[in-house]
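Participant: These are the residues of each chain, in order.
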Amino acid sequence: MNLEAATRTPTEPQKADKSQVVAPKGGRNLLLLGIIATSIAFLTTFISLKIYHDSGDIYLDRSRPGFLPEKEEVEKDEDSDSFVFSDSGLLTPEVLEEYLGNLKQEINHLDDFSSNPFSTLPLSDSILGF
Amino acid sequence: MKTKVIIFVVLTFTTLSTASVAYAVDNELTEKQSASIVNYCNTVRQDLKNLQRTDARARTYFGAIYETILSKYLKPLNLRIVDNDLSNATLLKLQSDFAEARTDFSEDYIKYSKSLEELVSIDCRFEPDLFYKKLVSTREKRATVAYDIKVLNGLLTSIIKSTEQLKESLK
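Residue numbers (my numbering), protein chains in the order written: chain F, 6 to 135; chain V, 574 to 744.
Here chain F stands alone, though its shape is the one from the complex (with noise of 0.2 Å):
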């Protein structure tokens, strides 16, 4: 054991010293991609959420928590692809008087949920309570 310890190289001493400075270096990189990679995901997050909600975007979509559609209006627009209008095809009265029916009856669909949607009567000062 002495033997082994006096014959040794001046460099091994070193070759070890070395692996235990990599291990640190290389554990501080690997916090620095996590640090890196999170802020990027934090960054393009806010972006997507700032355009979508600068584009107007967010107003028309009604997936937003306490917009979502009523059951009753989700069942009515699977009924509603019943009648299809081909694009070529013989031109005839009868064919248009079906498309008048149906179209009329679409129309109507209108009426069914309120003949004036946005009057400005529930802003008025009125109603509020002015």
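Incorrect hints may have been included.
What the hints assert, rightly or not - Under the rule of at most 30 Å between Cα atoms (straight-line distance), these lysine-lysine pairs were calculated in the DSS-like manner:
(1) V:Lys707 to V:Lys734
(2) V:Lys622 to F:Lys55
(3) F:Lys109 to V:Lys734
(4) F:Lys55 to V:Lys744
(5) V:Lys706 to V:Lys734
(6) V:Lys740 to F:Lys109
(7) V:Lys645 to V:Lys666
(8) V:Lys707 to V:Lys605
(9) F:Lys109 to V:Lys706
(10) V:Lys734 to V:Lys666
(11) V:Lys684 to F:Lys55
(12) V:Lys605 to V:Lys706
(13) V:Lys723 to F:Lys109
(14) V:Lys684 to V:Lys645
(15) V:Lys744 to F:Lys109
(16) F:Lys55 to V:Lys687
Since the hints were derived computationally from the structure, they do not count as laboratory data.
In this text the structure is predicted, and so the values were computed from the model without any measurement.
Put chain V on the given structure of chain F with help from the hints.
Facilitator: Relative to the frame of chain F, chain V by itself:
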């Protein structure tokens, strides 16, 4: 000449001042209104939040119907008219006007919705004047959306009329 210029400037200044005072009076909050806003702030904000949800449903409902009419009725009809070697410039124009009006409706709704959201975010207990000013502005934007729907409904009436005329012409 110099006297005339002075008289003109004075008259213009007086007219503008009167107009601005009248405008300020119309949009100014009375003390009673200010007190009402402060007292009923929570109720009013809750009502506005409920209105937001109702409006979102209305926009989706109307938007979906207008989209259906444009994509499943108007566009295929105009394509089929061309396919049959017929010509109907009126229906083509109506399709274009309808698409434009629908876009205006979407854009105006976004502006109104943004304004309503900003209105809801104002704490009217502490800023009744700002709240009221924003309310007046939101009301105007809502009126624009109501007008867009009126335009769209008017176009739908014209579309029905033109299609009936086309049907008669084919007999």
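Participant: Can the restraint linking Lys734 (chain V) and Lys666 (chain V) be considered satisfied, given a maximum Cα separation of 30 Å?
Facilitator: The hint holds at about 14 Å.
Participant: Would you check the hint for Lys109 (chain F) and Lys734 (chain V), treating anything up to 30 Å between C-alpha atoms as holding?
Facilitator: holds (11 Å)
Participant: CA of Lys645 (chain V) to CA of Lys666 (chain V), is that 30 Å or under?
Facilitator: Given that 30 Å is the threshold and the Cα spacing comes to 17 Å, the pair holds.
Participant: CA of Lys684 (chain V) to CA of Lys645 (chain V), is that 30 Å or under?
Facilitator: Between Lys684 (chain V) and Lys645 (chain V) the Cα gap is close to 28 Å, so the pair holds against 30 Å.
Participant: Check whether the Cα positions of Lys622 (chain V) and Lys55 (chain F) lie no farther apart than 30 Å.
Facilitator: Holds, at roughly 22 Å.
Participant: Within a Cα-Cα threshold of 30 Å, do Lys605 (chain V) and Lys706 (chain V) meet the stated pairing?
Facilitator: It holds: about 16 Å lies between the C-alpha atoms, which stays within 30 Å.
Participant: Straight-line Cα separation of Lys109 (chain F) and Lys706 (chain V) no greater than 30 Å?
Facilitator: Judged against 30 Å, a Cα distance of about 41 Å means the pair is violated.
Participant: Next pair to validate is Lys55 (chain F) with Lys687 (chain V); report whether the Cα-Cα distance is within 30 Å.
Facilitator: Given pair Lys55 (chain F), Lys687 (chain V) holds - Cα atoms ~14 Å apart, limit 30 Å.
Participant: Given the hinted pair Lys723 (chain V) and Lys109 (chain F), is their Cα-Cα distance within 30 Å?
Facilitator: Answer holds: Lys723 (chain V) to Lys109 (chain F) is near 17 Å, not above 30 Å.
Participant: Verify the proposed pairing of Lys684 (chain V) with Lys55 (chain F), using a straight-line Cα cut of 30 Å.
Facilitator: holds (16 Å)
Participant: Between Lys55 (chain F) and Lys744 (chain V), does the CA-CA distance stay at or below 30 Å?
Facilitator: Given pair Lys55 (chain F), Lys744 (chain V) is violated - Cα atoms ~57 Å apart, limit 30 Å.
Participant: Holds or violated: Lys706 (chain V) and Lys734 (chain V), Cα atoms, limit 30 Å.
Facilitator: Not satisfied, since the Cα-Cα distance of roughly 43 Å exceeds 30 Å.
Against the hints set out earlier in the document, violations occur for numbers 1, 4, 5, 9.
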